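Letter by letter, the chains look like this.
Number of protein chains: 2
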Amino acid sequence: MLNLTGWALLMLPMSKQGPGGASWIEALFTAVSAACVTGLTVVDTALYWTPFGQVVILLLIQLGGLGVMVFASLIGIAVVKRLSLGSRLTTAQEAHATGIGGLRKLIVSILRIALVVEGTVAVILWLRFWLGRGEDPLHALWLGVFHAVSSYNNAGFALFSDNLMGFVDDPWILLPLAGATIVGGLGFPVIMQVLKHAPNPRRFSMHTWLVLVGTVALLTLGTVAIAVLEWANPASLGAHPTGVRILEAFFHSVQTRTSGFNALDIGTFHPETLLVMDVLMFIGAGPAGTAGGIKITTFGVLAAIIIAEVRGDPTVTLFGKRLSRAVHREAITIALLSVGLCFVATLAIMHLTDVDHDRVLFEVISAFGTVGLSTGITASIGTPSQLILIVLMFIGRVGPITVATTLALRPRRLAFELPKERPIIG
Amino acid sequence: MLNLTGWALLMLPMSKQGPGGASWIEALFTAVSAACVTGLTVVDTALYWTPFGQVVILLLIQLGGLGVMVFASLIGIAVVKRLSLGSRLTTAQEAHATGIGGLRKLIVSILRIALVVEGTVAVILWLRFWLGRGEDPLHALWLGVFHAVSSYNNAGFALFSDNLMGFVDDPWILLPLAGATIVGGLGFPVIMQVLKHAPNPRRFSMHTWLVLVGTVALLTLGTVAIAVLEWANPASLGAHPTGVRILEAFFHSVQTRTSGFNALDIGTFHPETLLVMDVLMFIGAGPAGTAGGIKITTFGVLAAIIIAEVRGDPTVTLFGKRLSRAVHREAITIALLSVGLCFVATLAIMHLTDVDHDRVLFEVISAFGTVGLSTGITASIGTPSQLILIVLMFIGRVGPITVATTLALRPRRLAFELPKERPIIG
Ligand SMILES: [K+]
Ligand SMILES: [K+]
Chain D
1 MLNLTGWALL MLPMSKQGPG GASWIEALFT AVSAACVTGL TVVDTALYWT
51 PFGQVVILLL IQLGGLGVMV FASLIGIAVV KRLSLGSRLT TAQEAHATGI
101 GGLRKLIVSI LRIALVVEGT VAVILWLRFW LGRGEDPLHA LWLGVFHAVS
151 SYNNAGFALF SDNLMGFVDD PWILLPLAGA TIVGGLGFPV IMQVLKHAPN
201 PRRFSMHTWL VLVGTVALLT LGTVAIAVLE WANPASLGAH PTGVRILEAF
251 FHSVQTRTSG FNALDIGTFH PETLLVMDVL MFIGAGPAGT AGGIKITTFG
301 VLAAIIIAEV RGDPTVTLFG KRLSRAVHRE AITIALLSVG LCFVATLAIM
351 HLTDVDHDRV LFEVISAFGT VGLSTGITAS IGTPSQLILI VLMFIGRVGP
401 ITVATTLALR PRRLAFELPK ERPIIG
Chain X
1 MLNLTGWALL MLPMSKQGPG GASWIEALFT AVSAACVTGL TVVDTALYWT
51 PFGQVVILLL IQLGGLGVMV FASLIGIAVV KRLSLGSRLT TAQEAHATGI
101 GGLRKLIVSI LRIALVVEGT VAVILWLRFW LGRGEDPLHA LWLGVFHAVS
151 SYNNAGFALF SDNLMGFVDD PWILLPLAGA TIVGGLGFPV IMQVLKHAPN
201 PRRFSMHTWL VLVGTVALLT LGTVAIAVLE WANPASLGAH PTGVRILEAF
251 FHSVQTRTSG FNALDIGTFH PETLLVMDVL MFIGAGPAGT AGGIKITTFG
301 VLAAIIIAEV RGDPTVTLFG KRLSRAVHRE AITIALLSVG LCFVATLAIM
351 HLTDVDHDRV LFEVISAFGT VGLSTGITAS IGTPSQLILI VLMFIGRVGP
401 ITVATTLALR PRRLAFELPK ERPIIG
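Chains as they are written, first to last, in the UniProt record's numbering: chain D, 1 to 426; chain X, 1 to 426.
Calculated directly from the structure, the hints in this document are not laboratory data.
Keep in mind the model is a prediction, meaning the values are calculated, not measured.
Keep in mind that a hint or two might mislead.
Part of the chain D face toward chain X, derived, beta carbon under 8 angstroms [to be verified]:
| # | residue |
| --- | --- |
| 1 | Val-194 |
| 2 | Lys-196 |
| 3 | His-197 |
| 4 | Thr-268 |
| 5 | Glu-272 |
| 6 | Leu-341 |
| 7 | Val-344 |
| 8 | Leu-347 |
| 9 | His-351 |
Cβ-Cβ distance ranges computed for the label pairs, FRET-style [claimed, not checked]:
| # | chain 1 | residue 1 | chain 2 | residue 2 | range |
| --- | --- | --- | --- | --- | --- |
| 10 | X | Pro-234 | D | Ile-25 | 30 to 36 angstroms |
| 11 | D | Ala-239 | X | Phe-52 | 22 to 28 angstroms |
| 12 | D | Gly-267 | X | Lys-196 | 58 to 64 angstroms |
Partner residues aside, some chain D positions facing chain X, computed with beta carbon under 10 angstroms [what the hints assert, rightly or not]:
| # | residue |
| --- | --- |
| 13 | Val-70 |
| 14 | Val-108 |
| 15 | Val-403 |
For glycine and all other residues, C-beta sits at the position ideal for the given N, C-alpha and C.
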């Protein structure tokens, strides 16, 4: 729906600069990229679209981002309620994971948080663009609002032709954007629980701990990896003083969860850095937020299973709680179906184009994870490959949620027990 | 042990053609590659080693291949016995999975099968090399024996500088080698059960069905994928008539499970073909055989879990039997640890060299899966990267078996039950 409306609006001649309207693929790609808060672009957002077109993009981002947050939170409640029927003992704990009542209250909470975060970031950016970068106050306000919304919703659209490369050494621009990205990526259940129980973290649910610890761990890992691998690359970090190098390593680590702004040319990164970023983008951030990927919790469940196996624990535990066994199979299913999808898409685009494997893989994972980072090939890979990316962005945005919900909510038939057997593995 | 003995023997001046001995890294790499039945080479097996050196390689292959077969079969029995204590009902079925008694009987069975298969293939190859290719009878016999042993043990070492590229259109050479590779890759438990119960396949265990169906499926998939992707490539299949194209597509599909002979220059394949072969090599063939990879059964268990989840089945079933729940977690652990290992190794070699990502990944998976196919970079990537490949070959050969056994045989502590909870995933 949102995609189609956006497509139609962007097709209007008044959306595009100069004579004529946008081509169908340019408008479709941009609409899907905005509504799925991805941020990949086939045209220059700053020069190609009119202010009207840019407002359309902004609304698509805001509605797309908050829409999924509401939808995913609702579903989270439904899953918790449904499962609680079968295990009354755990209802109390699990209700904490969402901690909300009706739909209206939910939407109000989500809007209030968005308003506070986006408002704060918009004001900081406004002041910086106006007083620090010499923009006139009204244009600076527009820049502040657009980029605040784009970052909180993990969209990664920017109103500059070079994304944020003009602000490579400006922490007053980059750090607020990074902050909004991180908060949006935590997801609504985590934000609510932190606001509610911050003085008493022992009341946090397993879900909240998993997302918080996972976010810190992945941010640290990404910062260290980018810093180490790119430190001496004269085309990326190497061109800047030490302080800026650390700022940039941190900023681009944040962008892999999954906002997708860039303040350096990602195309100049070493292939091994791209590979590390592939993994980070594929994992993404927290569920029921504005981020994409298979989600930190899915990855965390798999990691917990492996650790439990290696240690020989009889059950999988996470933060002092036993991990529900049904989640094991759901996490494997989501992770492996996603791997399969990215594999097939990579194969198809490699077959359709002559682009290097590592760049195709990066673009595919960036689309699937609704990240929007690019080595610069998006515009030139041709319509068939762009259509593949459109499908990936869409599936990446709604697929994992849908699959997880379907798996969790479906009635389980109680089958007659078959004789048990095990193959030899390994 | 075998690796060290082989290393010492290959260091002897009498192993190497011309004056002086082999360098330590050449001898070590070759010894590990032979004992782990991988087939990656840093020197030309045909020209660099003396006949004595080649006999050492042959013995390393034979002992390495059969040694692991014995070891893995023993372990398979131990796992079945151990697990049977807890579930007496299933003992009868599971005993079928191995169908053998004592260690002596086991070794005799394994040797007898090896002798029959290798003998048959050696005779066919001998006649072909002698009568069809004009070699003198004695040299033809040596060629027949060496390549029969190398193929049954999934080693992929050849006594020609261009591996088997001289026989690109010779089904009398390629098909017997492919046959030996497939049989060796089924693994001892499957071979035994097929020999015993062939007239009555309903008595086959889940393990046997999984390996047989998986082998046919992966061989078909590989043949079709290679044929489709390389059909028009003038440097590979495109250079040959239709019949040879199909023969070559099939032959190289077989080589990914995980023998690693090549009759075409793998370096000329399209990157997307390499990517498909990466997946096939990573999966490998059956357990307790001469092949590498995470094994068809590990992959099959994961696939069965996903199918059960998507269909909403309460338990995972395979070929009319319920899949033991402990195997789920073991399969995830083996698959994901292997992915992680290959990822880290790829990253390290990319950091150490300037080779393209797709070639490094191919080489890494080829080493981990003890396949031995190469795009030709093995000899030129330098000693540090070669040491990484050595470690990969060794871990790839013994790692999955060891991990699987440790996981399956370890005593499980019965912990007090913690409160259950589930994070939101997807
Ligand atoms: K994004
Ligand atoms: K091999």
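**Prompt:** Given Lys-196(D) was flagged as interface, is its beta-carbon under 8 angstroms from a beta-carbon of chain X?
**Reply:** 17 angstroms, violated
**Asked** Does the nearest C-beta of chain X fall within a distance shorter than 8 angstroms of the C-beta of Val-344(D)?
**Response** 10 angstroms, violated
**Message:** Quick check on the hint: Glu-272(D) CB to chain X CB, less than 8 angstroms?
**Reply:** Nearest chain X Cβ about 4 angstroms off; hint holds.
**Message:** Holds or violated: the hint that Val-108(D) contacts chain X, with Cβ atoms closer than 10 angstroms.
**Reply:** 21 angstroms, violated
**Message:** The hint names His-351(D) as touching chain X; please verify it with the least Cβ-Cβ distance against 8 angstroms.
**Reply:** 5 angstroms, holds
**Request:** Report holds or violated for the interface hint on His-197(D), using the least CB-CB distance to chain X and a cut-off of 8 angstroms.
**Result:** 15 angstroms, violated
**Prompt:** That 22 to 28 angstroms hint for Ala-239(D) and Phe-52(X) (C-beta), does it hold up?
**Reply:** 57 angstroms, violated
**Prompt:** Taking the CB of Gly-267(D) and the CB of Lys-196(X), does the distance hold inside 58 to 64 angstroms?
**Reply:** 60 angstroms, holds
**Item:** Minimum beta-carbon distance criterion (8 angstroms), Leu-341(D) to chain X
**Value:** At about 12 angstroms, which exceeds the 8 angstroms cut-off, the nearest Cβ of chain X leaves the hint on Leu-341(D) violated.
**Message:** Hint Leu-347(D) vs chain X: min CB-CB distance below 8 angstroms?
**Reply:** Hint holds; Leu-347(D) Cβ to chain X Cβ min 5 angstroms, cut 8 angstroms.
**Item:** Beta-carbon spacing of Pro-234(X) to Ile-25(D) - inside the hinted bounds 30 to 36 angstroms or not
**Value:** Holds, at about 33 angstroms.
**Message:** Is the interface hint satisfied for Thr-268(D)? The criterion is a beta-carbon contact with chain X at less than 8 angstroms.
**Reply:** Cβ of Thr-268(D) sits 15 angstroms from chain X, so the hint is violated.
When the structure is compared with the earlier hints, violations turn up for hints 1, 2, 3, 4, 6, 7, 11, 13, 14 and for no others.
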